[in-house]
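A.B. asks: In case you want the letters, here they are:
Number of protein chains: 2
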Amino acid sequence: MSQRQVNLFIAMSLDGYIAKEDGDLGFLAMVDNPPEDYGYAKFNETVDTVIIGRKTYEKVLSFGIDWPYKHSCYVLSSSLSGHTEHVEFYNGHVKDLIAKIRQQEGKDIYCDGGAEVITQLLKEDLVDNLTISVIPTLLGTGIRLFPDGRPELRLQLVSSQAYPTGLVQLCYRRAGKALGMRVS
Amino acid sequence: MSQRQVNLFIAMSLDGYIAKEDGDLGFLAMVDNPPEDYGYAKFNETVDTVIIGRKTYEKVLSFGIDWPYKHSCYVLSSSLSGHTEHVEFYNGHVKDLIAKIRQQEGKDIYCDGGAEVITQLLKEDLVDNLTISVIPTLLGTGIRLFPDGRPELRLQLVSSQAYPTGLVQLCYRRAGKALGMRVS
Chain A
2 MSQRQVNLFI AMSLDGYIAK EDGDLGFLAM VDNPPEDYGY AKFNETVDTV
52 IIGRKTYEKV LSFGIDWPYK HSCYVLSSSL SGHTEHVEFY NGHVKDLIAK
102 IRQQEGKDIY CDGGAEVITQ LLKEDLVDNL TISVIPTLLG TGIRLFPDGR
152 PELRLQLVSS QAYPTGLVQL CYRRAGKALG MRVS
Chain B
2 MSQRQVNLFI AMSLDGYIAK EDGDLGFLAM VDNPPEDYGY AKFNETVDTV
52 IIGRKTYEKV LSFGIDWPYK HSCYVLSSSL SGHTEHVEFY NGHVKDLIAK
102 IRQQEGKDIY CDGGAEVITQ LLKEDLVDNL TISVIPTLLG TGIRLFPDGR
152 PELRLQLVSS QAYPTGLVQL CYRRAGKALG MRVS
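So the protein lines, in turn, are chains A and B.
So for the first sequence, our numbering puts the first residue at 2; every next one is plus one.
So for the second sequence, our numbering puts the first residue at 2; every next one is plus one.
In short, the hints are calculated from the structure, not lab data.
It is possible that some hints are incorrect.
Treat identical chains as interchangeable: a pair holds within one or across any two.
Claimed, not checked - As a list, the in silico DSSO-like pairs of lysine-lysine whose alpha-carbon atoms are at most 30 Å apart:
hint, residue 1, residue 2
1, Lys21, Lys101
2, Lys60, Lys21
3, Lys124, Lys21
4, Lys71, Lys56
5, Lys108, Lys21
6, Lys60, Lys43
For clarity, every value in this text was computed on a predicted model and none was experimentally measured.
With the sequences and hints as input, model every part of the structure.
C.D. replies: Here it is as structure tokens:
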């Protein structure tokens, strides 16, 4: 059995922001075009575990919607512990959490951000696949998906797809990995 | 006659850098695949004037190659003045330079960087078309194409094309502009 992979599925503006400075996600409305889901449901079938950071968790709660993740969800936090109906808090390093998850068989692992958790994963070279949806706008300032100070990482383009809304979805895998190694 | 447009044609890593911190462009070699020019010759037919910043000018000189631009070339600089065989130095603001160029009929205007000049243009809302070639790598740190602190700018996707090297070229125009307005 091959190792469970760690995958990103996230949107950014052309200038690299996932949100405005205050966390506002209003720019995503410009590509809102139901029932188009930009492959999100299909992606969700490939994973069974979600990792998010504490700020992202609180952002999701602030939406006032039903809990959106169907999978086991870990929230990285140094201040919260235990679990709720929907999530389990994890106080350690994300690298150890991934190792813990990988001790059990299962599908791939979805990291839904935020940028701090993704940066930690990239610093540990733990990201296997990146699906980046580029939104046709320059936000000008905000929270960067890729802040400075990460290691270099060569990628391999898997696919790119443009949608009528102007969203372009770019799928990459970490380069240097043999293809077809995932045997379930 | 419509106004001469200001166009970018530039490559960045997926994490938004046009060069390493020291100006190194080595990452572009991974998509070097002659005779593939990613549309550069065709793009050059649409322009007859080039604007670059002083640092980019000195970078080009450092390559020790023949002067690469076939068009009139302005170099923005506060320290250099007059002209050389290939370029004319301009000590004013890029906005005034564009206005000056537009007083004469001609093709579109190509801004080849660096990031400082492009940022000035974006702050003045003077960029009409952006051709961004996304290189399949995360550089981790470097010189950003889009540093923080610009105004928001909605874009319209014109095309996207993936190449066998993994480069994806994204072409945008500034949104809100009527289509087919350019009459020559």
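A.B. asks: Treating 30 Å as the Cα threshold, decide for Lys60 and Lys43: within, between, both or neither.
C.D. replies: within (24 Å within a copy, 46 Å between copies)
A.B. asks: Can you tell me if Lys21 and Lys101 fall within 30 Å by alpha carbon in one copy, between copies, both or neither?
C.D. replies: neither (33 Å within a copy, 36 Å between copies)
A.B. asks: Give the relationship of Lys108 and Lys21 under a CA distance limit of 30 Å: within one copy only, between copies only, both, or neither.
C.D. replies: For Lys108 and Lys21, the Cα distance exceeds 30 Å both inside one copy (32 Å) and across copies (37 Å).
A.B. asks: At most 30 Å between C-alpha atoms: does Lys124 with Lys21 qualify within a copy, between copies, both, or neither?
C.D. replies: Classified as both; 24 Å inside a copy, 18 Å across copies.
A.B. asks: If the cutoff is 30 Å on CA atoms, where do Lys60 and Lys21 land: within, between, both or neither? Let me know, please.
C.D. replies: within (13 Å within a copy, 34 Å between copies)
A.B. asks: Since the copies are identical, ignore which copy is meant and state whether Lys71 and Lys56 lie within 30 Å (CA to CA) inside a copy, between copies, both or neither.
C.D. replies: within (19 Å within a copy, 51 Å between copies)
Checked against the numbered hints listed earlier, the structure breaks hints 1 and 5; every other hint is satisfied.
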